[in-house]
Amino acid sequence: MAEAAAAAVRAGRRVRHVCSGTRRCFSRAGGGAGLLAAERGREPESRASSFCPPAHSCNDWIGPPDSQSNLRPIVFHIPKNESPLGRRLREFRQETQVWNQQFWASQNVSFRKGKEEFIYSRLKAKGLEMKGETGQKVTLSAEEMADFYKDFLSKNFKKHMCYNREWYKRNFTITFLMGQVAFERAWRRLGWKKTKVGN
Amino acid sequence: MSAARRCGPPRALTGLFVWHLPKPAVRQMPCKFMHCCGVVNKRWITFQHLNFLKRMYVTQYNKDLSQQAKPKSDPVAPPFLEKKHLGQEKTVIREIRPVSPLHPPSSETLNRNEFKAVNSAAVVEDLATAVGAESKEEKQWKEMKLQLDDLPGILARLSKIKLTALVVSTASAGFAMAPVPFDLTCFLLTSIGTGLASCAANSINQFFEVPFDSNMNRTKNRPLVRGQISPLLAVSFAASCAVPGIALLTLGVNPLTGALGAFNIFLYTCCYTPMKRMSIINTWVGAVVGAIPPIMGWTAATGSLDAGALLLGGILYSWQFPHFNALSWGLREDYSRGGYCMMSVTHPAMCRRVALRHCLALIGLSTVAPILDVTTWNFPLISLPINLYISYLGFRFYRDADRSSSRKLFFCSLWHLPMLLLLMLTCKKSLLEKEDKSELFS
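Here the protein sequences line up with chains A and B, keeping their order.
Take 1 as the starting number for the first sequence in the numbering used here and just add one per residue.
Take 1 as the starting number for the second sequence in the numbering used here and just add one per residue.
The set of hints was computed from the structure by calculation and includes no laboratory data.
Each residue gets a CB set at the ideal place from its N, CA and C atoms; glycine is no exception.
Check the hints yourself; a few may be wrong.
Calculated Cβ distances over 10 angstroms to all of chain B for the following chain A residues [unchecked claim]:
no., residue
1, 82
2, 174
3, 196
Taking lysine-lysine pairs in the PhoX-like style, the calculated list, with each CA pair at most 25 angstroms apart, reads [unchecked claim]:
no., chain 1, residue 1, chain 2, residue 2
4, B, 220, B, 145
5, B, 220, A, 169
6, B, 160, B, 220
7, A, 159, A, 113
8, A, 169, A, 113
9, B, 408, A, 80
10, A, 126, A, 159
11, A, 80, B, 142
12, A, 113, B, 220
13, B, 408, A, 150
14, A, 80, A, 155
15, B, 220, B, 139
16, A, 113, A, 124
17, B, 220, B, 136
18, A, 150, B, 220
19, B, 142, B, 220
20, B, 428, B, 408
21, A, 169, A, 155
22, A, 159, B, 429
23, B, 408, B, 162
24, A, 113, A, 126
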């Protein structure tokens, strides 16, 4: 048992060593480029900061859905010969990811809170407790919740309108930049091939 | 548990642990626990030790739950539960797997050595579970590398292949119902063209809706949400389906069908998709989107927009309402949270009324079919049973307004449409009959 614990600790240390070695290669979605692995302890709320992709990987990594926002965080790979355009794309994607995360986390949290308060007030009006006799949490049926759903939707309508507009703009920008970067890479590769053939 | 009542600090500390729900708490736990062990009173340590492990399991349980993206199962302890008396957490613990075998706290007989053994075993277990949980989370991280083997499956899901198949079959029904001799080449070109147009439209729809799809149970496993394909590739795929599809329809069939196909893609991607989050009118726009494919099939065969085409379109249009309104009834929570403007959330009574109204309209449209020479008079008669049945379910949905009636109506709509189209095909007015009639009158 003690050996297992020691092995686990060693494994943990090994992961951290890899991270410090590749700190230039991956950027976190903690907002801003080049967030070092050493700083990951400072951002507990960003799940992306606790994960470190293997050193040999040249791709982005996508994680499980966040518990609050349900969005999957991405850890972006920084290629060695990243062009200014590529850097702009990566930073914009990181910024969009953070922005999205903030919006949906707050949206979902406020929904859950509002739902709980609604259930509480309705149950109180009925004279019931939050937990029934069996210890199970008492819930309202979908029909009873309908008033809350309608209310929540109308309260957040303006917020969603702003979000939608911004999201569409960002989505188009990211895709357009991706296209430009892909074109740039293809052009570069073509250029190298031409020089090789020339030599 | 008399020790608990005697000592103030344990309760306060355990209270502290309750608030430490995020994951760093799991790593901090062993350290805090080691600190606790430094306290002198053996009896107090014993109780604290057990209580601490209780917290450990509660946190673990919550952490596991919190990994799931399902909004229905409440992962985070809701604000109201936290205010409740701590004693209630005992009931939560009973539901979790039993605590690992420890010597029961007969504190008088427990000597120091035994306690130390139990202590180190618990520490190792805590560390192992902490590392285990972390590696389990790490395993869930996937490299965003496109696997060519998976590409067909990914593209099938991106283009909503099952829905596309349904759309193509409605277009084929429109083609088959047209009062012209059946042309196989034209039929195949129409089917392929419509299929490609539908793939393109569905891909663009998914491209627009990534963060919204992530937050809804029904759609959270889509390829773009899971990062299996990049947005650029999705758009490229959509373009590479739309261009050949519309070109095939315009050049291989006729320009009218091509124009209808292009218009439908535009309507679905640029009108319906954004409108879903702006106004409930999106449902009517979506119904038109569903009605256009059979019209396309008809115009592909005849080359013109006849009354028969509009009738078929009308039947599909009316069918959309019981189908979609019943489906949306069960998704109200997700729609509300995600910001979708749907009748079922904003105007529930209207939602049910419209569904019923259109179920009855289907009976009316089936009766109009022979009048327009699309089918014989057998059709309204033999389609009456299924039309009455769906109307009955529509009425039940209207009256009861609950989940079971909405589900019944939705599932009925799934078999009702193919059945109706099949019956229509069997009752198609044959060309010979039409020629005889025209000769008689001439």
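Going through the hints against the structure:
1. 82: holds (17 angstroms)
2. 174: violated (7 angstroms)
3. 196: holds (27 angstroms)
4. B:220 - B:145: The given pair, whose Cα atoms are some 20 angstroms apart, holds under the 25 angstroms limit.
5. B:220 - A:169: Distance of about 22 angstroms is within 25 angstroms: holds.
6. B:160 - B:220: holds (14 angstroms)
7. A:159 - A:113: OK: residue 159 of chain A and residue 113 of chain A at ~17 angstroms, within 25 angstroms.
8. A:169 - A:113: Given pair residue 169 of chain A, residue 113 of chain A is violated - Cα atoms ~30 angstroms apart, limit 25 angstroms.
9. B:408 - A:80: Not OK: residue 408 of chain B and residue 80 of chain A at ~58 angstroms, beyond 25 angstroms, violated.
10. A:126 - A:159: violated (33 angstroms)
11. A:80 - B:142: Holds: residue 80 of chain A and residue 142 of chain B sit about 22 angstroms apart, inside 25 angstroms.
12. A:113 - B:220: holds (22 angstroms)
13. B:408 - A:150: Answer holds: residue 408 of chain B to residue 150 of chain A is near 24 angstroms, not above 25 angstroms.
14. A:80 - A:155: violated (47 angstroms)
15. B:220 - B:139: holds (19 angstroms)
16. A:113 - A:124: Holds, at about 16 angstroms.
17. B:220 - B:136: Holds: residue 220 of chain B and residue 136 of chain B sit about 21 angstroms apart, inside 25 angstroms.
18. A:150 - B:220: holds (23 angstroms)
19. B:142 - B:220: holds (16 angstroms)
20. B:428 - B:408: Violated, at roughly 30 angstroms.
21. A:169 - A:155: holds (24 angstroms)
22. A:159 - B:429: Between residue 159 of chain A and residue 429 of chain B the Cα gap is close to 54 angstroms, so the pair fails against 25 angstroms, i.e. violated.
23. B:408 - B:162: holds (21 angstroms)
24. A:113 - A:126: Holds: residue 113 of chain A and residue 126 of chain A sit about 20 angstroms apart, inside 25 angstroms.
When each numbered hint is compared with the structure, violations occur for hints 2, 8, 9, 10, 14, 20, 22.
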